[in-house]
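Residue numbers for the sequence shown follow the working numbering, so the first one is 1 and each next one is one higher.
Since the hints were made in silico from the structure, they are not lab data. One or more of the hints may lead you astray.
Stated by the list, open to error - Label-pair restraints from in silico Cβ distances: (1) 10 - 94: 26 to 34 Å; (2) 55 - 10: 25 to 33 Å; (3) 10 - 93: 27 to 35 Å; (4) 94 - 9: 25 to 33 Å; (5) 8 - 87: 16 to 24 Å; (6) 99 - 12: 24 to 32 Å; (7) 17 - 99: 24 to 32 Å.
By construction, the Cβ of each residue, glycine as well, lies at the ideal position given by its N, Cα and C atoms.
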Amino acid sequence: KGGCLFAEFGSNVEVDDVDFTECIAGSSNHDDGEGYGGGMYLSASTAWITGASFTSCTAVGSSSDDFYDVSSYGGAIYLNVWSTATLIDLALQNNSAALGAQDIYSDGTF
1 KGGCLFAEFG SNVEVDDVDF TECIAGSSNH DDGEGYGGGM YLSASTAWIT
51 GASFTSCTAV GSSSDDFYDV SSYGGAIYLN VWSTATLIDL ALQNNSAALG
101 AQDIYSDGTF
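Take these sequences, add in the hints, and give me the full structure.
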């Protein structure tokens, strides 16, 4: 979770003019295989993100079970429930996630 930045349990995060490049969350080696937020994962947290770029970040997911692939969402950002993010002047380019939301996946609030 959170290839470059992981925040949870009431964290307050401020990111100004940061480049997140080639960040990877998850595993392709059949361990737990869950990939959430290649660049950033927020859970029950608040974030203020200004002038940041997310380039070629990846959320990877796999499973040892050939019939099912575990979760991998939010190539750039995964916003879990009870999280709030303010995004200003964000650049998103070439991010990927195995199951969905190539750039941003949200259960939280923008």
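Hints, one by one, checked against the model:
1. 10 - 94: 26 to 34 Å: Once the Cβ atoms are compared, 32 Å apart, the range 26 to 34 Å for residue 94 and residue 10 holds.
2. 55 - 10: 25 to 33 Å: Given about 29 Å between the Cβ atoms, the range holds.
3. 10 - 93: 27 to 35 Å: Since residue 10 and residue 93 have Cβ atoms about 31 Å apart, the given range 27 to 35 Å holds.
4. 94 - 9: 25 to 33 Å: Distance hint for residue 94, residue 9 holds at roughly 31 Å.
5. 8 - 87: 16 to 24 Å: holds, 19 Å
6. 99 - 12: 24 to 32 Å: holds, 29 Å
7. 17 - 99: 24 to 32 Å: holds, 31 Å
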